[in-house]
Amino acid sequence: MFRDKDRFLNILLISPSILAILIFVYAFIGWSVRVSLSKWKGLTADYTWNGIKNYLDLFADPRFHVDIRNTLIFTGVFVFGSILLGFTLAVMLDQGLKGEGFFRSLFLFPMAISYIVTGVVWRWLMNPAAGSRTSGLNLLFTNMGLDSLVNKWHTTPTWGIAAIALAAIWQMSGYTMALYLAGLRAIPEDLKEAARIDGASEVQIYRHIMLPLLSPVTLSALIILGHMSLKVFDLIVAVAGKQLPLDVPAIYMWQITFDGLFYGRGAAVGILLLISIAVLIIPYIRYTLKTEAEQ
Amino acid sequence: MKTRLRLGKYWLYIPLVFMTVFYLLPLYIMIITGFKSFAEIDLKTMWNLPQGIAFDNYIEAFSKLAPSLWNSFAMVIPAALISSALGSLNGFVLAKWKFRGADVVFPIILFGMFIPYQSILIPLVQFMNLVGIKGLPGLALAHIIYGIPITTLTFRNYYASLPQELLEAAKIDGADMLGIYRYILLPISMPSFVVVLIWQFTSAWNDFLFAVVLTGNRDWPITVALNNMAGSQIISWNVQMAGSLLAALPTLLVYIFLGRYFLRGLLAGSLKG
Chain A
1 MFRDKDRFLN
11 ILLISPSILA
21 ILIFVYAFIG
31 WSVRVSLSKW
41 KGLTADYTWN
51 GIKNYLDLFA
61 DPRFHVDIRN
71 TLIFTGVFVF
81 GSILLGFTLA
91 VMLDQGLKGE
101 GFFRSLFLFP
111 MAISYIVTGV
121 VWRWLMNPAA
131 GSRTSGLNLL
141 FTNMGLDSLV
151 NKWHTTPTWG
161 IAAIALAAIW
171 QMSGYTMALY
181 LAGLRAIPED
191 LKEAARIDGA
201 SEVQIYRHIM
211 LPLLSPVTLS
221 ALIILGHMSL
231 KVFDLIVAVA
241 GKQLPLDVPA
251 IYMWQITFDG
261 LFYGRGAAVG
271 ILLLISIAVL
281 IIPYIRYTLK
291 TEAEQ
Chain B
296 MKTRLRLGKY
306 WLYIPLVFMT
316 VFYLLPLYIM
326 IITGFKSFAE
336 IDLKTMWNLP
346 QGIAFDNYIE
356 AFSKLAPSLW
366 NSFAMVIPAA
376 LISSALGSLN
386 GFVLAKWKFR
396 GADVVFPIIL
406 FGMFIPYQSI
416 LIPLVQFMNL
426 VGIKGLPGLA
436 LAHIIYGIPI
446 TTLTFRNYYA
456 SLPQELLEAA
466 KIDGADMLGI
476 YRYILLPISM
486 PSFVVVLIWQ
496 FTSAWNDFLF
506 AVVLTGNRDW
516 PITVALNNMA
526 GSQIISWNVQ
536 MAGSLLAALP
546 TLLVYIFLGR
556 YFLRGLLAGS
566 LKG
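Protein chains in written order, with my numbering: chain A, 1 to 295; chain B, 296 to 568.
Check before you lean on any hint, since a few could be wrong.
[What the hints assert, rightly or not] No more than 25 Å apart at the CA atoms, straight line, and that leaves these computed lysine-lysine pairs for DSS-like:
1. A:K98 to A:K192
2. A:K5 to B:K391
3. A:K290 to B:K391
4. B:K339 to A:K98
5. A:K242 to A:K152
6. A:K53 to A:K41
[As the list claims (entries may be wrong)] Stretch-level coverage of chain A by chain B, calculated; a stretch enters the list once three of its residues show a Cβ under 8 Å from a Cβ in chain B:
7. 105 to 112
8. 237 to 247
[Stated by the list, open to error] Listed below are several chain B residues computed to face chain A (Cβ distance under 10 Å; list not exhaustive):
9. T328
10. G526
11. G538
12. S565
To be clear, the hints were calculated from the coordinates, so they are not data collected in a lab.
None of the values given here were measured: they were computed from a predicted structure.
Backbone N, C-alpha and C fix where the C-beta goes; we use that ideal spot for every residue, glycine too.
Just chain A, with the same shape it has in the complex (with noise of 0.2 Å):
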């Protein structure tokens, strides 16, 4: 519909933030393959081939096996957790009961926070300390007389990683319902109406005919949260600094990068990161703009 001026308009007001995504995304993420195939070590860039012998050194690390351990700890709890969650929240909002916009606001303020500032008040309540020195939530569970609930949180062995998993659940369980909400408010109501008519319960009503048109936001939800959970890093790194026991593969980079000058192990480490996301994340995207073609 534009004259050739116009086009030519078009060119030049877009071109700058192409070539920005060119560069930084695109020719970055090539840089950090040859990084990742290079002999890398110490504060000189050092590009000496070095074939993909930080991968197989990666997969040699006992470090690395702890981290993949704790990645499939971490993405199971925080994913089942939140979508069970937000689910849950978003099938009771939307009952129309009053107050539901206070809730609905409520549940979701978390996702305005950073993951640092919940990571430094969620260490304050999954503080592990016993005896007379017991404080957070093991403090409130003996004064409730709940004693069975106190444990020893994000220091347990190998679960660990778990506890810190409940901190983000409940950063991001409210998102996860927010995107619920919008999916069941996008269901007519005559399906439930004629449903109802039929003499279906309202348990039958969410779990026969809701929960299967609302796939498509499970899925949404799986992927969003699924890519999250392999990123997670600034919440473990404010609840517990640099521990080994809670080692994941973001925190892994950072540290061996910047700290150990391991440059190239550390730009392996972000190319592995970078394919499992990319093999949710690909998919996704040509799905959601297809879906939205068909409309």
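Once you have looked at the hints, place chain B on chain A.
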């Protein structure tokens, strides 16, 4: 039928109130600890309400964090403004001009918002050193560029939803492309600008990864300063709580007053806007 449902749903307030307590717990502890006097501070009584209103902890935390709070404002405001302006221009071109390859350009831009930044971190730091953009300006630049995908997406979706007739009418009146943008689209873009500005403000304010690798102790933004404060043995937990509230306050206030727009940015970020 309706009566049964009406009576049946009041029990829902029980789990909702329970969840309210869960969500407010960290906020409660931040606020009450902040208002206690130093004399009252004890981990054993951390859940008790303060006996009076004191500002010891806030004053102490502010005196330590004030420089980094200003650093954050100085970096976040230009970053949010510039990436929003770029997003608006890109969104306009991508929504209203169907050039060959537009279907390729958009997903290429979009992918940039999902990448783990660990995969570009080493080149980013090298590049900033190479061109000599250090500290806060470098951090602002990173937020501008990595903010382009989401700002472009939000504006593109908004402009694509506008009726084509609006533009056709303007063209018949002799407006050229820039005229259409300046006089027709820009004046009705304000709600989208609010959404995008809030989103960019919040994510740049809350960022830690870019900040920790691109700034040093002279120009740390608030997230890095707070994390280091929490990691130090010298500063006690009560000051950390007060500091956390100070760090959270700007984005929290934006959320309280402009929550509706915040939610729209959130949904756009999942491609569900």
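> Going back to the hint list, which numbers does this structure go against?
Replying inline: 4
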